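Number of protein chains: 4
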Amino acid sequence: MGDYIRKVQYYETDKMGIVHHSNYIRWFEEARIAYMAERGYEYNKLEEKGIMIPVLGVSAVYKSGAKYGDTVRIRVQINKITAVKLSFSYEVTDNDTGELRTTGTSDHCFVDNDFKPCSIKKKMPDFYEEFCENK
Amino acid sequence: MGDYIRKVQYYETDKMGIVHHSNYIRWFEEARIAYMAERGYEYNKLEEKGIMIPVLGVSAVYKSGAKYGDTVRIRVQINKITAVKLSFSYEVTDNDTGELRTTGTSDHCFVDNDFKPCSIKKKMPDFYEEFCENK
Amino acid sequence: MGDYIRKVQYYETDKMGIVHHSNYIRWFEEARIAYMAERGYEYNKLEEKGIMIPVLGVSAVYKSGAKYGDTVRIRVQINKITAVKLSFSYEVTDNDTGELRTTGTSDHCFVDNDFKPCSIKKKMPDFYEEFCENK
Amino acid sequence: MGDYIRKVQYYETDKMGIVHHSNYIRWFEEARIAYMAERGYEYNKLEEKGIMIPVLGVSAVYKSGAKYGDTVRIRVQINKITAVKLSFSYEVTDNDTGELRTTGTSDHCFVDNDFKPCSIKKKMPDFYEEFCENK
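Chains as they are written, first to last, in the working numbering: chain A, 1 to 135; chain B, 1 to 135; chain C, 1 to 135; chain D, 1 to 135.
Hints listed in this document are in silico derivations from the structure and should not be mistaken for laboratory results.
Since this is a predicted model, take the numbers as computed values, not measurements.
Warning: the hint list may mix true and false statements.
Where chains are identical, the list cannot tell them apart; a pair therefore holds if satisfied intra-copy or between any two copies.
Said to hold, decoys possible - Here are the simulated EDC-like cross-link-like pairs (lysine to aspartate or glutamate), alpha carbons at most 16 angstroms apart as the crow flies:
| id | residue 1 | residue 2 |
| --- | --- | --- |
| 1 | K15 | E48 |
| 2 | K7 | E30 |
| 3 | K15 | E130 |
| 4 | K67 | E48 |
| 5 | K116 | D3 |
| 6 | K67 | D96 |
| 7 | K15 | E47 |
| 8 | K63 | D107 |
| 9 | K7 | D70 |
| 10 | K7 | E38 |
| 11 | K49 | D114 |
| 12 | K67 | E47 |
| 13 | K45 | D70 |
| 14 | K49 | E38 |
Build the full structure now, drawing on both the sequences and the hints.
Right, here's the structure in full:
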């Protein structure tokens with residue numbers, strides 16, 4: 001299963017001539033969602049089943065700036081999964097040169113439709129096992 | 001009652017060094033919502049009462065580019081209101097020099113919580129009268 | 001040569017549960033740039049050669065709302081090209097059902113690095129001919 | 001000197017009904033820039049003088065979700081300033097209830113127009129002193 005690859009969009013750049021730092025946080029989301037979908041868990045399907053995975057925290061460290069015309073590659077890894085929490089790490093590199101652009105993390109919990117915390121281990125044990133193994 | 005005034009944000013610029021054209025569409029929304037709120041109709045309150053005013057169409061003509069550091073002034077006007085539809089026009093100028101940046105329009109209808117078209121004239125006659133007069 | 005296809009991103013939705021209307025303007029840009037790149041004209045390469053194609057105007061008509069989980073297909077066509085101007089039209093449909101989401105247009109001119117209007121017919125005749133034929 | 005106060009915009013919400021987490025990173029930027037401007041350092045003026053303050057890293061911890069219709073208050077503090085680096089912390093609260101929404105940090109360096117690191121202490125000693133005192 002592969003990394004998430006996407007082109008830089010013009011509207012993602014800022015007047016400094018590089019991608020605005022806030023957009024990497026959005027790319028993390030894109031890559032995280034693609035990562036789960038590849039393993040059989042489409043986020044819109046999870047929501048339909050009453051499971052949401054909101055973001056509790058994010059961090060990013062910017063090493064070099066992606067430019068318009070670049071294609072970026074985003075590697076996603078599960079850092080940790082428990083019955084009630086999930087965390088990911090991200091590595092954004094240039095798809096052609098391999099140069100490191102940004103690293104990051106995101107922390108999440110599992111909630112139901114009423115935003116009440118729930119145990120993914122009970123509610124969807126296969127999800128829990130899938131991502132335990134992928135660690 | 002006044003125009004809507006706001007600063008250009010850094011993240012709204014693109015690598016051309018000016019505000020990305022898509023952001024004016026967002027500014028129209030900000031200004032339109034402020035315009036209605038000033039007249040007693042806060043959009044979140046309307047939504048709570050089961051009235052939404054989705055966008056059916058937009059247009060913008062770009063005359064000159066707003067830059068980071070600029071403050072823009074947005075004049076909102078009601079073009080037309082009927083029982084079921086509403087349209088606005090916008091004029092974005094530089095707040096210091098008065099230079100014209102962008103003109104635009106947006107077309108809307110009134111729908112209820114189930115996205116079914118509804119008559120604002122029946123559902124909220126004071127809204128209808130307020131904006132008829134303001135025309 | 002094909003249409004531009006992309007998934008709806010979570011961060012592109014709004015509290016109405018559908019894609020915020022301003023994002024279609026950004027999708028037009030993505031699709032327009034992909035359209036030109038497919039025909040041999042990558043926009044970053046054009047910029048390096050001193051040609052920019054800024055947006056003079058946009059319009060969009062919203063027919064139905066794209067949702068998170070959807071994949072959209074965007075058909076781009078050249079409406080008109082002259083020595084100094086270029087205009088496109090767009091049709092956004094659901095990639096699975098074909099349902100029409102949005103139609104739109106954008107108008108552009110050609111400028112050099114100093115934002116001075118220039119003739120693409122003189123500066124890059126192959127570009128002009130390519131897009132004349134594609135009309 | 002005061003906190004930075006702003007309304008939540010409709011286009012900043014997502015289908016979960018709350019502000020998309022990436023937008024807090026943009027709000028940090030807005031608030032940081034307003035903080036510096038209030039103390040006499042407008043960021044566009046700094047850029048004109050050949051000083052840029054790019055973001056090296058950001059973090060955010062989300063405590064509760066801001067909603068459309070809310071007004072948020074953002075308190076900015078300087079965590080640390082050296083000759084070559086600067087870091088801020090942020091606290092976003094609801095302006096009416098005081099409820100904590102998000103905390104965060106950002107790390108920056110000083111660079112010149114060629115993106116080469118520079119000493120703010122040498123290049124603009126008054127800036128350095130101003131923000132040392134404000135710590």
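Review point. Failing hints, ascending?
Key: Structure breaks hints 3, 5, 14.
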